[in-house]
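K.L.:
The listed protein sequences correspond, in order, to chains A and B. Mind the numbering: the first sequence is residues 1 to 250 in our numbering, read in order. Mind the numbering: the second sequence is residues 1 to 263 in our numbering, read in order.
Among these hints, one or two may not hold up.
Rough simulated footprint, nothing fancy, chain A against chain B, three-plus residues with beta-carbon under 8 Å [unchecked claim]:
#	segment
1	66-79
2	91-103
Reference excerpt, derived from the structure (chain A facing chain B, CB under 10 Å, subset only) [said to hold, decoys possible]:
#	residue
3	K144
4	L154
5	A156
6	G157
7	Y164
8	V165
9	P168
These are calculated hints, taken from the structure and not from any lab test. Even glycine gets a Cβ: it sits at the ideal position worked out from N, Cα and C.
Residues per chain, in single letters:
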Amino acid sequence: MKKRPTMLSTLAGGVMFFLLWQLGALCIDRPILPSPLQVVPMFLQGMAGELGLHFLASAARVLSAVAIAVVFAAPLGLALGQMPRLDRLVGPLIAILYPIPKIIFLPVIYVLLGISDLSKVTLIAIIIFFQILVVVRDEASSLKPELILSVKSLGAGRRALFRYVYLPASLPAVLTALRVSVGTAVAVLFIAEQSLTNYGLGYYIVVETYQVLLYPEMYTGIMGMGLLGVLLYFAINAIELRVSRHLFVG
Amino acid sequence: MIRLNRLSFAYGGRTPLFADFSLVVGKGEAWTVIGPSGCGKSTLLFLIAGLTAASGGEVSINGERVVRARPSTGLVLQDHGLLPWATVRDNTRLGLTIRRFYGPDGKHSPAGQGADPARGEKLVQYWLDWLGIAHLQEMYPAQLSRGQRQRAALARTLVLEPDLLLMDEPFSALDAPIREDLQKVMNAFHRESGLTSLTVTHDIEEAMVLGEKILVLASGCNRQPLVVTNHLFAGGVRREDDDYVRLCGRLRELLSSTDGSRG
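Whole structure, please, built from the sequences with the hints as guidance.
P.N.:
In structure tokens, the structure reads:
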């Protein structure tokens, strides 16, 4: 049974985070670690203007990558999980590809897809794709043949099986995979956005602020990216709580 | 009710389990099927359920040839087959939900039986009550004991008002006292409903308790059905009865002799 984060524990975590940050700023006492008292107001101001646009650009990239990955990986994972023969055929290939850090293909994707948002989104989508593929496949293969048979005996044909068995079985798996991979997705986004674009938090942090030594501004970007990761994680968690209620009982 | 006409079946390349096998099960009869593991008793059940296709001959129910899962055949397996993400009530309702999904098309749900949601809900409640699991209806299968899960699986099947109930080792995974409880429940159910039923089991006692006719299958190829009439069934089976012990002994003998014919 999973543990659910409560409002109170989230709040406590946030307070501790800012306290530690403030403590660190006091101890180090150099421009590279400004106090949150300075950064947070700047961040709030920035989010209403330029920084907000960078934030939206990054968020749009991650979300479209998630959408693309789900659309391709979930059906394929289901198919592999329910067709052991097919899985035996392509399983070894997936086992090799899965642990390879996909970001090393960044230059290849840039050359193939051009210097556009499409190439950045594709890179992130590929990373999430494999996570979802593997988790959904394992979930689908754990659906016992007896379960499928007995639902069939209630009159279910292919369409009803999909609607009442495969879809609800794979949704929690997709969410689990996303919860695990969304951090990696944001990390890769950070790297992908450092070049060949004029929008996005990665670009803002590295090119617009870090390289011109605007440290407090740089921290507003860091906060933005951190917030993006946290928001995605909590959003997935919230959906999980609704969809996979049976995992949180007892 | 069920007519097997010169049925043949073999799993790809292996010795056939059935060849020219014919059998008639009358309406309202309670049958059990017993035999050593691998003798084809589950296969026979799946053939009747229309989930496995025969390689020769045919299965017909009420004069109609079975070519796919029949909407009014109820099937309960050893593994309860409940959806882990749905509550007991939603699981019990699943068959009705699927029927509503397709509409009365005669293929997935009985033709001409329009969905009446209120009536469906009443049936769900009735069977949850009857099987003594109404208080668990908001729980998920993982929160239930094995016996309770099997009761939920039964409720789910009975809600669809089947005219034939097929059960494959329904109580084998249960502890003895819970198994005996459920056997009593099924006995009471049969007396109340008179539903035709066929239960596969490997347990001689269960075969005696649940079947007025006991089909004994052999390992290897089955050609002639070997049927034992259980005259104790009508009066309720008492395990300490002399007759009961004698009949058990006879079944045991039959089973060991058929097991010897393995070729």
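K.L.:
For each hint given before, does the structure comply? Return the numbers of the non-compliant ones in rising order.
P.N.:
none
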